[in-house]
Every structure is written in structure tokens, then in C-alpha cells.
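S.K.: Each chain is listed here by its residues.
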Amino acid sequence: MKYMLLIYGSTDTQNACTVEDWMAYDKEVQEAGIFVTGHSLADLTTATTVRVDDSGERTVTDGPFAETREVLGGYYVIDVPDLDVALDWAARCPGARDGGTVEVRPVAEF
Amino acid sequence: MDERAAGTRASVEAVFREERGRLLATLVHRFGDLDLAEDVASEAVEAALVHWPVEGVPARPGAWLLTTARRKAVDRLRRDQAYAARLALLAAEAERTGGAVPEEADGGLPDERLRLFFTCAHPALPAADRGALTLRYLAGLTTQEVARAYLVPNATMAQRLVRAKKKIREARIPFRVPEPHELPGRLPGVLQAVYSIFTEGYAASSGPLLQRLDLAEEAVRLGRILHRLLPAEREVTGLLALMLLVHARRDARTGPDGELVLLDAQDRGRWDRDMIAEGEALAVAALTGGPPGPYGVQAAIAALHDEAADAASTDWPQVVALYDVLLALNPSPVVALNRAVAVAMRDGPAAGLALLDELAGEPRLRAYHPWVAARAELLHRLGRDAEAADAYRRALELAGTEPERSHLRRRLAAVAPPER
Numbered sequence: 001m002k003y004m005l006l007i008y009g010s011t012d013t014q015n016a017c018t019v020e021d022w023m024a025y026d027k028e029v030q031e032a033g034i035f036v037t038g039h040s041l042a043d044l045t046t047a048t049t050v051r052v053d054d055s056g057e058r059t060v061t062d063g064p065f066a067e068t069r070e071v072l073g074g075y076y077v078i079d080v081p082d083l084d085v086a087l088d089w090a091a092r093c094p095g096a097r098d099g100g101t102v103e104v105r106p107v108a109e110f
Numbered sequence: 111m112d113e114r115a116a117g118t119r120a121s122v123e124a125v126f127r128e129e130r131g132r133l134l135a136t137l138v139h140r141f142g143d144l145d146l147a148e149d150v151a152s153e154a155v156e157a158a159l160v161h162w163p164v165e166g167v168p169a170r171p172g173a174w175l176l177t178t179a180r181r182k183a184v185d186r187l188r189r190d191q192a193y194a195a196r197l198a199l200l201a202a203e204a205e206r207t208g209g210a211v212p213e214e215a216d217g218g219l220p221d222e223r224l225r226l227f228f229t230c231a232h233p234a235l236p237a238a239d240r241g242a243l244t245l246r247y248l249a250g251l252t253t254q255e256v257a258r259a260y261l262v263p264n265a266t267m268a269q270r271l272v273r274a275k276k277k278i279r280e281a282r283i284p285f286r287v288p289e290p291h292e293l294p295g296r297l298p299g300v301l302q303a304v305y306s307i308f309t310e311g312y313a314a315s316s317g318p319l320l321q322r323l324d325l326a327e328e329a330v331r332l333g334r335i336l337h338r339l340l341p342a343e344r345e346v347t348g349l350l351a352l353m354l355l356v357h358a359r360r361d362a363r364t365g366p367d368g369e370l371v372l373l374d375a376q377d378r379g380r381w382d383r384d385m386i387a388e389g390e391a392l393a394v395a396a397l398t399g400g401p402p403g404p405y406g407v408q409a410a411i412a413a414l415h416d417e418a419a420d421a422a423s424t425d426w427p428q429v430v431a432l433y434d435v436l437l438a439l440n441p442s443p444v445v446a447l448n449r450a451v452a453v454a455m456r457d458g459p460a461a462g463l464a465l466l467d468e469l470a471g472e473p474r475l476r477a478y479h480p481w482v483a484a485r486a487e488l489l490h491r492l493g494r495d496a497e498a499a500d501a502y503r504r505a506l507e508l509a510g511t512e513p514e515r516s517h518l519r520r521r522l523a524a525v526a527p528p529e530r
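Just so you know, the sequences run in chain order A and B.
Each residue of the first sequence is one higher than the one before, starting from 1 at the first, in our numbering.
Each residue of the second sequence is one higher than the one before, starting from 111 at the first, in our numbering.
Think of the hints as simulated: they come from the structure by calculation, not from any bench.
Here the structure is a predicted model, which means the values were calculated and not measured.
Incorrect hints may have been included.
Said to hold, decoys possible - Under 7 angstroms between C-beta atoms, here's a sample of chain A residues computed to sit facing chain B: (1) V80; (2) D82; (3) L83; (4) P106; (5) E109.
Unchecked claim - Result set (BS3-like, lysine-lysine): computed pairs, CA atoms no more than 30 angstroms apart in a straight line: (6) B:K275 <-> A:K2; (7) B:K182 <-> B:K276; (8) B:K277 <-> A:K2; (9) B:K275 <-> B:K182; (10) A:K2 <-> A:K27; (11) B:K277 <-> B:K182; (12) A:K27 <-> B:K275.
Beta carbons are placed, not taken as given, at the ideal position from N, Cα and C, and that holds for glycine.
Work out the full structure, taking the sequences as your base and the hints as a guide.
M.R.: Spelled out as C-alpha cells, the structure:
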């Protein structure tokens, strides 16, 4: 079963995790054979939001979809047997520490 | 349905109240699907109602039900393409076991209920639904009965259960017993689910009745099952001990008209001594062999009350000492409130009131009527009746059940007799 781990950082607190922490975690995910995909996202200041209204008119605005304290900083998609295993991987993610949050979402299967 | 058939049905249903939880847990383990397990368990019981009165009750009723339910499940899976993969797994399993129904030492079905306890109380489910799921799937109550337990409309409860089941299925919350290293994180949730059923039965949060003993008894029954499944877990023992030591007072807790009788005014001759003895033995076991847990400590406090001949001769210094331990384990304003009341008994009402007033800033206590009522009581004992009356009026606004409100009205009348 595939789960997406959405890694949110807080704009209020600085995540103390180092690049080495992230590299170590990434290596673990790869070596466990559960990695499907995953990326770290560029800084929030580079975000652009697009909407298309009923008449097909496009609106482009600077910044993220919603102004919140929690900022999506990256994601993994992992393939594991069940939610408990997914939660274990989420808990090990450096992004879950220091005021950060990892949201675990099953990927819909059709 | 004629009268005889109705009688058979009632007795078969009574017999399988206990077996049903096991049957359901076994089917869930096998098929990994609560809905399917529920449906085929019901169908198997229906089949039993048809066959047993004619053919006689089989030697191993549990195995008969499981075999029947399994056959029905396989039929259903065959009809449903979406389940093809699961069916293949099942075939592989049947090959391994030869299709035989395993038998436990006690002659019953293998007990898979522990898995189901952990699934129903999974931290990924809303805390408010965990007790309901546990009542539905482990105590075997119907959805209507669970709705009544939580005093919500049937449709509301049905919707909550459907939503919870959907999450279990779609997020794939597993049916498994956590590894020993995970237990400290997961067991408290299971204990909390069972205890929440007990406290709802013991002190209903609203409604005409103070106690709903059937619900408290259901919780005790679940506590016993859990204790049988995890005999070495001292907090499980502690929870069962606590429930028994409190439940032993059930008959003395309400007066002839259903009114609330507080601990200090209860007729202790009506306490259930056998249940107290059982609870005490379990409390000792819960507190032996390691640092105490919150349920073990609460059981010890309940045991001190149960042992005392009356409120005055209760070992209040020891009660306060145990609340200190509990407060360190579980720093909650409600525990601090109970400690303050015990201090009032040990050192007098002024000391207790000072502690209660220290808690005035706690947001969780502001609308919590026991805190307001405890203040009123101590103010009254200090002769500050005008303030006591104000506090009783405030508590009356907050109390949820009619027996609690009538108790508060009587207290209010005692400190502030109505003017003529």
C-alpha cells in the first residue's frame, strides 16, 4: 500500500536537523526497498499559485495556496504493508521533529 | 416467528454473546475486513438458529460457526472480483492448515481478540470513537445499543462507526498486536477505551440516570477479557482492579429514588465484599514487581476507601500520598482536584480550599461541576454559606445528570434555605 508522507515545517521554529540527518534518512528509505518517489521542495518564496475561473480566465499569484504557519517542504511516497509501518517511517523522518509535522496519507487506488 | 422459535433464538444469542467477539476477531484476522467479518458472523449465527433447533447443538459450537462463516465469506469473495487477490491468499492458507479449525486449550476458538482491541483503540482513530468501536466489536453490542450507551441518535452512531471502519479499511490500519517495545505507547489507548466505557456507565455525563450499570458491567467484562489475554501487563491488572473496587459500591451509590449518595454518606454494608476482595488481590498484583502505573495507583486509592469502616477512619494521609504519586505520573487538574479533597479530609477544609483555589486558573476545571461543587462543600464547612450557595448555584448550571442536579439542589437548600 502506498502512503504519501507530507513533510511540513513550521515558519516559527527552526528545524535543527542537519543535511546529514536527511541524507541518512533518505538512505534508510532507499535501502529498505520502500521508496517510490520523493522530493524536497524549493523555498516558499518561489511558490506561485494558479487558478482558472469558469470563463477560463487564468489568475496567477505569488505565494502558496494558503497562508499558514505550516509549510509543505517535501514529500515521500513509500510502499509498505500497512498504516503502522507508514507511521513508523513518518516518526523516523527528521521533518517530524522540532515543531515539524509529517502527515500520512494513503494514496488512492483505482 | 412463534414463541418457541423466539425462545431458541434468545438462548442461542445469549450463548453467542461471548463467542461472537471471538468469532468476529478470528474472521477479521483471516479476511482483514471488518465489514465482511461482521456480515458473515451474523449470517453464521442466523444459520445456527435454523439448524441447531433441528439437528441439535454441535459438539464445538464455535468451530461450527467459524466454518460456516468462512464458507459464506469465501462464497462472497468469489462473487466479488475486487477480492480476488485476497481469495488467493486464503486458498494458500487453507492448503497450509488443511482447512481445519484450530482449537484452543479451553475448547473454544483461537483467541484473536487482542488484535481487535488494538485496532479499535488505534491512535489513528478519533479518541471519541475508540470506546464505541470496542463496545461494538469486542463487547458485541448492536449499533443501537452503542448509540444508547453514548446517548446519541442511532443514525449518528451508525455514521461514526461507518466512518471509523472506512478509515480502518482505506488507510489500512492493521489487525495486529503491537510488538513488546511498542506496547508502552499503544496499551494506554486500549485501557483508556475500556475505562471510558466504565466511567460513562459509572457517572453518566448526562441524562436521567446517574449510573448505567449495564455499561459499567460491559467494561468490567472487557477488562476481564483483556486481563486474561495480557496477564503480565500490570496496568491491565490495575485497570480491572480499579473498576472492580469502584463497581463494588454500585448499590450504595444511589438512594431509593435514584438520587446520588456521596462516598462519605454511603451505607457501606451494601458494598459488594466479594468484588472488593477480588479487586484488592488484583490491586496488589498491579503494584508488585515494578514502578506503579496510573491505574494501579488509582486502584490502591479505591481500595483504601473500600477498606475503611467510614469516611472519618479512612487512611487519608495514605490517600494523599497516593494522589501525590498519581499526580507525578499523570499531572492533570482533575487529579489535583481529587488530591485537594483528600487534603481537606486530612488537614481540614481551609487547607483543601486553598488548594482548590490554586486550581482556579485551569481552563479544564472552569466548567467542571465537581470542582465547583467541591469548593461549595468546603466553603460550607468553613461557615461561609453565602459563598457556598453561590458555588452550588454555579455547579447546578453545569451538572449533567438529574440525580447530580437534585443532589446539588438539596445541598443548596441546606446552606441557603429558600426565603418565605
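S.K.: Each hint should be assessed against the structure and marked as holding or not.
M.R.: Going through the hints against the structure:
1. A hinted interface residue such as A:V80 counts as satisfied when its beta carbon comes closer than 7 angstroms to some beta carbon of chain B; here the least separation is about 9 angstroms, so the hint is violated.
2. Of the supplied interface hints, the one on A:D82 holds, with its beta-carbon coming within about 4 angstroms of a beta-carbon of chain B, less than 7 angstroms.
3. Checking A:L83 against chain B: minimum C-beta separation of about 5 angstroms stays under 7 angstroms; hint holds.
4. Annotation: A:P106 was flagged as interfacial toward chain B, and the flag holds, the nearest CB pair being 5 angstroms apart, inside 7 angstroms.
5. A cut of 7 angstroms between beta carbons decides the hint on A:E109: the least distance to chain B is about 9 angstroms, and the hint is violated.
6. The suggested pairing of B:K275 with A:K2 holds, with an alpha-carbon distance near 19 angstroms, which does not exceed 30 angstroms.
7. Proximity of B:K182 to B:K276 is assessed by CA-CA distance (about 22 angstroms); at most 30 angstroms being required, the pair is judged to hold.
8. With a C-alpha separation of about 15 angstroms, the suggested pairing of B:K277 with A:K2 holds against the 30 angstroms cut-off.
9. For the hint linking B:K275 to B:K182, the alpha-carbon distance of about 21 angstroms falls within 30 angstroms, and the restraint holds.
10. Restraint check for A:K2 and A:K27: the C-alpha separation of about 19 angstroms stays at or below 30 angstroms, so the hint holds.
11. Distance restraint check for B:K277 and B:K182: the Cα-Cα separation of roughly 25 angstroms lies within the 30 angstroms cut-off, and the hinted pair is therefore satisfied.
12. Taken as a hint, the A:K27 and B:K275 pair is broken in the structure, with Cα atoms around 35 angstroms apart against an allowance of 30 angstroms.
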